[in-house]
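Trainee: Heads up: the protein sequence lines correspond to chains A and B, in order. First residue of the first sequence? That's 1 in the working numbering, and the numbers climb one at a time after it. First residue of the second sequence? That's 1 in the working numbering, and the numbers climb one at a time after it.
In short, the hints are calculated from the structure, not lab data. The C-beta atom is built at its ideal place from N, Cα and C for all residues, glycine as well. Hints are not guaranteed to be accurate.
What the hints assert, rightly or not - Covered, in the sense of this in silico footprint (three residues per stretch, anywhere, with C-beta under 8 Å from a C-beta of chain B), are these stretches of chain A:
no.	region
1	30-40
2	43-53
3	101-109
Stated by the list, open to error - Pairwise CB distance ranges, derived in the manner of DEER restraints:
no.	chain 1	residue 1	chain 2	residue 2	range
4	A	D26	B	Q42	13 to 21 Å
5	A	L114	B	S52	47 to 55 Å
6	A	S18	B	A17	42 to 50 Å
7	B	E15	A	G16	47 to 55 Å
8	A	D107	B	E15	25 to 33 Å
9	A	R44	B	K112	27 to 35 Å
10	B	I60	A	M41	19 to 27 Å
11	B	A16	A	N65	45 to 53 Å
12	B	K112	A	R77	39 to 47 Å
13	B	Q42	A	M27	15 to 23 Å
14	B	S26	A	L114	32 to 40 Å
As the list claims (entries may be wrong) - Here are a few chain A residues that sit away from chain B, every Cβ distance over 10 Å (derived from the structure):
no.	residue
15	P8
16	F10
17	V12
18	K14
19	M19
20	T20
21	A24
22	D26
23	M27
24	S67
25	T71
26	R77
27	S80
Here is how the chains run, residue by residue.
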Amino acid sequence: NAGVTQTPKFQVLKTGQSMTLQCAQDMNHEYMSWYRQDPGMGLRLIHYSVGAGITDQGEVPNGYNVSRSTTEDFPLRLLSAAPSQTSVYFCASSDHGTGDQPQHFGDGTRLSIL
Amino acid sequence: AQSVSQHNHHVILSEAASLELGCNYSYGGTVNLFWYVQYPGQHLQLLLKYFSGDPLVKGIKGFEAEFIKSKFSFNLRKPSVQWSDTAEYFCAARNNAGNMLTFGGGTRLMVKP
Numbered sequence: 001n002a003g004v005t006q007t008p009k010f011q012v013l014k015t016g017q018s019m020t021l022q023c024a025q026d027m028n029h030e031y032m033s034w035y036r037q038d039p040g041m042g043l044r045l046i047h048y049s050v051g052a053g054i055t056d057q058g059e060v061p062n063g064y065n066v067s068r069s070t071t072e073d074f075p076l077r078l079l080s081a082a083p084s085q086t087s088v089y090f091c092a093s094s095d096h097g098t099g100d101q102p103q104h105f106g107d108g109t110r111l112s113i114l
Numbered sequence: 001a002q003s004v005s006q007h008n009h010h011v012i013l014s015e016a017a018s019l020e021l022g023c024n025y026s027y028g029g030t031v032n033l034f035w036y037v038q039y040p041g042q043h044l045q046l047l048l049k050y051f052s053g054d055p056l057v058k059g060i061k062g063f064e065a066e067f068i069k070s071k072f073s074f075n076l077r078k079p080s081v082q083w084s085d086t087a088e089y090f091c092a093a094r095n096n097a098g099n100m101l102t103f104g105g106g107t108r109l110m111v112k113p
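Okay, chain B solo, but in the shape it has when bound (with noise of 0.2 Å):
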């Protein structure tokens, strides 16, 4: 069965530092990733999207996300975090030719001003 592992449940920075969060996905054939984000009290936003080509995808608010297929990881960074990206973030796979999306457990960002 297809999961989806984010390995930090928690993250706490200061505005301006660097955001790295994990994502592992286990599916062994074709994938198409996704992350979205769930600002407090609102539904879930997609942010960027992975489906074929350039490994490296930028998505909306200067995020991006780099997927490495020899790792099944597909991490969401970004270089200089705001206030404003306070939220949930959670990565999601999707097998190319099925029907399900599954969603890993979810990483609550708060950034300190």
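If we strip away everything but chain A, and leave its shape as in the complex, we get (with noise of 0.2 Å):
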């Protein structure tokens, strides 16, 4: 069972490069999310999509595109790298976008942007 995959697992970028943040799940799910991980915030929503087709905005989405043509796969675009961007991201899935699903995490992609 993959569940959720994210690749990279890790990446350096120069400011202002750009680069996709691939998230793929294999257990049907309509709803994914992308989430960043600082020290001492928790984790933040950048963006998530309740179906193939439909996304919208989370609490950070400055930065950050998203485009889902698959239900099985979000990916997530940093256009113009910032170092406020340097963070561990996660995307996670859920079956159903409703609030009594818990979400299904991948391993997290750790970016440093310098």
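Build the complex from these two chains, which are given one at a time in their own frames, with help from the hints.
Mentor: Listed below in structure tokens is the structure:
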């Protein structure tokens, strides 16, 4: 059971570079989301999707884009990386967008912006 | 806006000590509450959840949490911690009709052998 798979696990970028963090799930979950984890701030929601073709902004969406062309994949794009985006990024999925389903998390991507 | 507060940022205990981690949320409607654990170098895993019914919920590994609606609290407890409980613990809240899960800032627990 693969669950939620994130790639890459580690990445170092220079300021201004762009990149895409990949997230895929094989559980046929409708709901997918991206969080960033920073010390002392817990996890903050960047963007989420309640199904293919539907995305919405979370708490901290600036500087990030997402798309959801398939149920399985939910990539996160940094168009012009900034040092403030240095963080650990987690992708998560759950069966429905309503409140009663726990999230399944990927292993995270540790991103450093120089 | 919904928010979740965890009062203790760092907790250090000896093995066999009792644990209580505080969590308060601010949301006026029906809310679903979760505790997640993140062991060093791993992703978050669900410890327990509350949706409705008995306010005392039991989770994995001997953890439990009590939902006190009047205090907007959902504290995590364990009667006797083990060294293997060393991890970071996150409380989270999600409104019943909403799509956003809000996390607290986390509590780092270190259990000394």
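Trainee: Give a verdict on every hint.
Mentor: We went through each hint and held it up to the structure:
With 4 residues having a Cβ less than 8 Å from any Cβ of chain B, the region 30-40 of chain A passes the three-residue criterion, so the hint holds. Counting residues of the region 43-53 of chain A whose beta carbon lies closer than 8 Å to any beta carbon of chain B gives 5, which meets the minimum of three for the stated coverage. For the region 101-109 of chain A, the proposed coverage by chain B is satisfied: 6 residues have a C-beta within less than 8 Å of a C-beta in that chain, meeting the threshold of three. Taken as a hint, the range 13 to 21 Å holds for the pair A/D26 and B/Q42, whose Cβ atoms sit roughly 20 Å apart.
Restraint check, A/L114 to B/S52: a C-beta distance of roughly 48 Å satisfies the suggested window 47 to 55 Å. Taken as a hint, the range 42 to 50 Å holds for the pair A/S18 and B/A17, whose Cβ atoms sit roughly 49 Å apart. Distance hint check for B/E15 and A/G16: the Cβ-Cβ separation is about 49 Å, which falls inside the suggested range of 47 to 55 Å. In this structure, A/D107 and B/E15 meet the distance hint of 25 to 33 Å, their C-beta atoms being roughly 28 Å apart.
Range check, A/R44 to B/K112: Cβ separation about 31 Å, and the 27 to 35 Å hint holds. Distance hint check: the CB atoms of B/I60 and A/M41 are about 26 Å apart, consistent with the given range 19 to 27 Å. For B/A16 and A/N65, the hinted distance range of 45 to 53 Å is satisfied, since their beta carbons lie about 50 Å from each other. Look at B/K112 against A/R77: about 43 Å separates their beta carbons, and that is inside 39 to 47 Å.
The given range of 15 to 23 Å is respected by B/Q42 and A/M27, whose C-beta atoms sit roughly 19 Å from each other. Hint check: B/S26 to A/L114, Cβ distance near 38 Å, so the stated range 32 to 40 Å holds. With a cut of 10 Å on Cβ distances, A/P8 stays outside the contact zone with chain B, its closest approach being about 15 Å. Every CB of chain B lies more than 10 Å from the CB of A/F10, the least distance being 12 Å, so the non-interface label holds.
Once the 10 Å rule is applied to beta carbons, A/V12 is consistent with being away from chain B; the minimum gap is 19 Å. With a cut of 10 Å on Cβ distances, A/K14 stays outside the contact zone with chain B, its closest approach being about 26 Å. For A/M19, the condition that its CB be more than 10 Å from all CB atoms of chain B holds, with the nearest at approximately 21 Å. Taking the minimum C-beta to C-beta distance to chain B, about 20 Å, the non-interface status of A/T20 holds against the 10 Å cut.
Residue placement check: A/A24 keeps its beta carbon more than 10 Å from all beta carbons of chain B (closest about 15 Å). Against chain B, the non-interface label of A/D26 holds: every CB pair exceeds 10 Å, the least being about 16 Å. A/M27, annotated as away from the interface, keeps every beta carbon of chain B farther than 10 Å; the closest lies near 14 Å. Consistency note on A/S67: stated as away from chain B, and its beta-carbon is indeed over 10 Å from all of that chain's, at 17 Å minimum.
Every CB of chain B lies more than 10 Å from the CB of A/T71, the least distance being 16 Å, so the non-interface label holds. With a minimum CB-CB distance of about 21 Å to chain B, A/R77 clears the 10 Å threshold, and the non-interface call stands. For A/S80, the requirement that its beta carbon stay farther than 10 Å from each beta carbon of chain B is met, with the minimum near 26 Å.
Hint violations for this structure: none, all hints satisfied.
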